[in-house]
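Assemble the complex: chain A is given as a structure, and chain B with the ligands must be docked to it using the hints.
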Amino acid sequence: MGRVFVEQFKEFLGKIAGFLPNLLTSLVLFVAGLLIAWLIKSVIVRLAAFLKMDAVSERTGIVQVLQKGGIKEPVSRLAGRLIYWVVLISFIIMGLDALQMPAVENLLGTFLLYLPNVIVACAIIVSGYLLGNFLGRAVLIGAVNAGLPIAGLLGKFVKFTVFIMAVTMSLELLGIGKDTVIIGFAILFGGVVLALSIAFGLGGKDAAKDYIDRMLREKKEEDDIKHI
Amino acid sequence: MSVILREEVIQRLGEIGEADILVGIPSFNNADSIGHVVRAVQAGVAKYFPDKKAILINSDGGSGDGTREVVERVIIDDFQPLLINQRQDLLSKIVTPYHGIAGKGSAFRTVFQIAKELNVKACAVVDSDLRSITPEWIELLIRPVLERNFDFVAPYYLRHKYDGTITNSIVYPVTRALYGKRIRQPIGGDFGFSGKLAEFYLTRDVWDTDVARFGIDIWMTTTAVANNFKVCQSFLGAKIHSPKEPSSDLSAMLMQVVSALFNLMEEYPGQWKEVKSTSPVPLFGFQFSVGLEPVKVNIERMINMFKLGMTELGDLWKVILSTESLSGLQETAKTEPFSFGDDLWARVIYDYALAWHGKVMKGEHMLKTLTPLYLGKVASLVIEMADTTAGKVEERIEALCIAFEKLKPYLIDKWE
Ligand SMILES: Nc1nc2c(ncn2[C@@H]2O[C@H](COP(=O)(O)OP(=O)(O)OP(=O)(O)O)[C@@H](O)[C@H]2O)c(=O)[nH]1
Ligand SMILES: [Mg+2]
Chain A
172 MGRVFVEQFK EFLGKIAGFL PNLLTSLVLF VAGLLIAWLI KSVIVRLAAF LKMDAVSERT
232 GIVQVLQKGG IKEPVSRLAG RLIYWVVLIS FIIMGLDALQ MPAVENLLGT FLLYLPNVIV
292 ACAIIVSGYL LGNFLGRAVL IGAVNAGLPI AGLLGKFVKF TVFIMAVTMS LELLGIGKDT
352 VIIGFAILFG GVVLALSIAF GLGGKDAAKD YIDRMLREKK EEDDIKHI
Chain B
-9 MSVILREEVI QRLGEIGEAD ILVGIPSFNN ADSIGHVVRA VQAGVAKYFP DKKAILINSD
51 GGSGDGTREV VERVIIDDFQ PLLINQRQDL LSKIVTPYHG IAGKGSAFRT VFQIAKELNV
111 KACAVVDSDL RSITPEWIEL LIRPVLERNF DFVAPYYLRH KYDGTITNSI VYPVTRALYG
171 KRIRQPIGGD FGFSGKLAEF YLTRDVWDTD VARFGIDIWM TTTAVANNFK VCQSFLGAKI
231 HSPKEPSSDL SAMLMQVVSA LFNLMEEYPG QWKEVKSTSP VPLFGFQFSV GLEPVKVNIE
291 RMINMFKLGM TELGDLWKVI LSTESLSGLQ ETAKTEPFSF GDDLWARVIY DYALAWHGKV
351 MKGEHMLKTL TPLYLGKVAS LVIEMADTTA GKVEERIEAL CIAFEKLKPY LIDKWE
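As they're listed, the protein sequences go chains A and B.
For what it's worth, this note's numbering labels the leading residue of the first sequence as 172, then goes sequentially.
For what it's worth, this note's numbering labels the leading residue of the second sequence as -9, then goes sequentially.
Isolated chain A, as found in the complex (with noise of 0.2 Å):
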């Protein structure tokens, strides 16, 4: 019995010996990853001082953009960053891999080719904010220039229709319940169409009115100034 206990023991010993280096790369690999991301990104930071990045994103309306959007970094630390994860990140899979746990890999497998499908989602999210926001600020823009009292809704009708689409685009490119997503939106997207009509029916209907009996009104007062 002592005989099998002693047995186990160095087996045990023994796996643990020959995981101690795979644990000894994947730390060193760590401890590597962390060195070299911070070097590229306070290169990365310097560099882009040295070309004005951030006068040139200034100018170009990159930063507008980005504030909109509610970031507020200047975009040479907001690219440093970003490096400096991309880099930490691909040290620590190679970290992991090094483990050679197949309990590990076969998670990082999954994770890895789920990977650029996050990152395409979160691009298609984040582009969808943005863009949701500039058209709808268009169209808000024109509709009270065309006189329309519903120019508000108009313009948040827009805003929000775009993020719901670039939401949904995404949610179906991972993959996450395809039908119920589509269906989902549709409800979301008639429950949208159906709060807006109540609040036409309540709220709007003077409104509405109103402006109907304004515009055949001012069809015969048009005005004629010259403006120029």
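A hint or two may mislead.
Said to hold, decoys possible - Subject to a maximum C-alpha distance of 20 Å in a straight line, what follows is the list of computed EDC-like cross-link-like pairs (lysine to aspartate or glutamate): (1) K297(B) x E321(B); (2) K263(B) x E374(B); (3) K106(B) x E256(B); (4) K397(A) x D153(B); (5) K234(B) x D268(A); (6) K106(B) x D195(B); (7) K397(A) x E374(B); (8) K352(B) x D225(A); (9) K308(B) x D333(B); (10) K352(B) x E256(B); (11) K327(A) x D305(B); (12) K349(B) x E229(A); (13) K397(A) x E384(B); (14) K220(B) x E137(B); (15) K223(A) x E406(B); (16) K397(A) x E290(B); (17) K186(B) x E8(B); (18) K186(A) x D268(A).
Unchecked claim - If we take Cβ atoms under 10 Å as the criterion, some of the chain A residues that face chain B in the derived model are: (19) T281; (20) L319; (21) A322; (22) G323; (23) H398.
Bear in mind the hints are in silico, worked out from the structure with no lab data behind them.
All C-beta atoms, glycine included, are put in the ideal place defined by N, C-alpha and C.
Frame of chain A; chain B with the ligands shown alone:
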């Protein structure tokens, strides 16, 4: 020689050699009105400059309605009814399509280029849709350059008090306050200028920008003033031109004019910051008054547009306007009868200029949010001027200009 002129034009210019006077007419599908303009030019040259060598340039944007053929064909063959003694040689005409992006600016560039090649002393440009142009216009635009050494002649028109509201409420007050010269119609469209100024215009690198498309009028005026060319005005009487197609919508028009104005501010901050006072500009010509057709206005609609802007555009205005302007607008919305003060209006326009300078928003969006505010100001002016005469109207515009001049330190202070 230049790259922007066509081969056959260059050849014609070689044959002509030199000229004293050049009149340019930009056109794009103006077959029904350009004949009158060409005749007025021809009579004007024959009557007022019989001993000068003159040339007419039609710079066309590819008209499909026979505009160029009309220009080629039209001549006055009997000067007797006009009491003009026939000249020896007829006016030479060159009809040419222009080079570059579509627009009045590109058309003018070709005119400037030909003026340079022919080494002309004085030029005039007149729109091809003018119904009220007379031979006197040519004299009034050319003679100040030829005989009084002026480099730039701006038009001075008689207009109905409700016409030219963008000019009256924005372009005139701003250009005047910024550059110090009281040019009443900076975007009139018909100008006289010296050969020297034409050459100077050509050296500017703007022919791939909006200047070539639509901002040429204000650009010519501002370029002349900001670079210290000698400027004057000529009284031309009423300006009546073919009605614009109804598709041109106000907010787009306002955006074009105001963006041209603001882009020039970016170009000349060194000049306009130094200008501390304004001075009158000589006005030539015999002044008279005419009965102008009444203009219908719908004040209620304009005020409603302003109020709609107040309820819907607040979030965007917060990004563009100063807090003083915002609270001023809130007060304005409550006034009864409706009244939009001059000081507030000047501040609003300067805030937009600063926002344009700081690029706080996509330019097109930003300037299109100005429409309801502009309509508010126009409504207020129309209410005030309802029963006033033309003379009183000028006093009213003068007061508005003073408001812009007084507030100019605010603009300079915030500009960085
Ligand atoms: N060659 C050329 N000429 C143009 C173009 N657009 C306008 N023009 C000419 O420019 C002149 C003024 O154009 P309009 O359309 O009358 O402009 P407007 O808004 O009436 O301008 P104002 O008369 O100054 O109030 C006319 O002679 C047009 O034929 C273009 O694209 N190409
Ligand atoms: Mg016109």
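To see whether the hints hold, each was checked on the structure:
1. Proposed proximity of K297(B) and E321(B) is supported: the alpha carbons are some 12 Å apart, at most 20 Å.
2. Distance hint between K263(B) and E374(B) is unfulfilled; the C-alpha atoms sit about 32 Å from each other, more than 20 Å.
3. Restraint check: the Cα-Cα separation between K106(B) and E256(B) comes to about 28 Å, which exceeds 20 Å; the hinted pair is violated.
4. About 5 Å separates the Cα atoms of K397(A) and D153(B), which keeps this hinted pair within 20 Å; it holds.
5. For the hint linking K234(B) to D268(A), the alpha-carbon distance of about 72 Å lies beyond 20 Å, and the restraint is violated.
6. Proximity of K106(B) to D195(B) is assessed by CA-CA distance (about 16 Å); at most 20 Å being required, the pair is judged to hold.
7. Note on K397(A) and E374(B): the hinted pairing holds, with a Cα-Cα distance of about 18 Å set against a maximum of 20 Å.
8. With a C-alpha separation of about 18 Å, the suggested pairing of K352(B) with D225(A) holds against the 20 Å cut-off.
9. Restraint check: the Cα-Cα separation between K308(B) and D333(B) comes to about 19 Å, which is no more than 20 Å; the hinted pair holds.
10. Taking the CA atoms of K352(B) and E256(B), the gap is near 16 Å; set against the 20 Å cutoff, the hint holds.
11. Between K327(A) and D305(B) the CA atoms are separated by roughly 13 Å; this keeps the pair inside 20 Å, and the hint holds.
12. For the given pair, K349(B) sits about 9 Å from E229(A) by alpha-carbon distance, which is consistent with the 20 Å threshold.
13. A C-alpha spacing of about 17 Å is found between K397(A) and E384(B), which places the hinted pair at or below 20 Å, so the restraint holds.
14. Distance hint between K220(B) and E137(B) is fulfilled; the C-alpha atoms sit about 13 Å from each other, no more than 20 Å.
15. Among the hinted pairs, K223(A) with E406(B) is consistent with the structure: their alpha-carbon atoms are about 19 Å apart, no more than 20 Å.
16. This hinted pair checks out: K397(A) and E290(B) have alpha carbons roughly 17 Å apart, not beyond 20 Å.
17. Taking the CA atoms of K186(B) and E8(B), the gap is near 15 Å; set against the 20 Å cutoff, the hint holds.
18. Taking the CA atoms of K186(A) and D268(A), the gap is about 17 Å. The hint holds against a cut of 20 Å.
19. Here the hint on T281(A) is broken, as its CB sits about 42 Å from the closest CB of chain B, past 10 Å.
20. Satisfaction of the interface hint for L319(A) is found here, the shortest Cβ-Cβ separation to chain B being roughly 8 Å, below the 10 Å cut-off.
21. Using the Cβ-Cβ criterion of 10 Å, the hint placing A322(A) at the interface with chain B is satisfied: the shortest such distance is roughly 5 Å.
22. Hint on G323(A) holds. Least Cβ distance to chain B is approximately 5 Å, under the 10 Å limit.
23. With a least beta-carbon distance of about 5 Å to chain B, the hint placing H398(A) at the interface is held under the 10 Å criterion.
Comparing the model with each earlier hint shows violations of hints 2, 3, 5 and 19; every other hint is respected.
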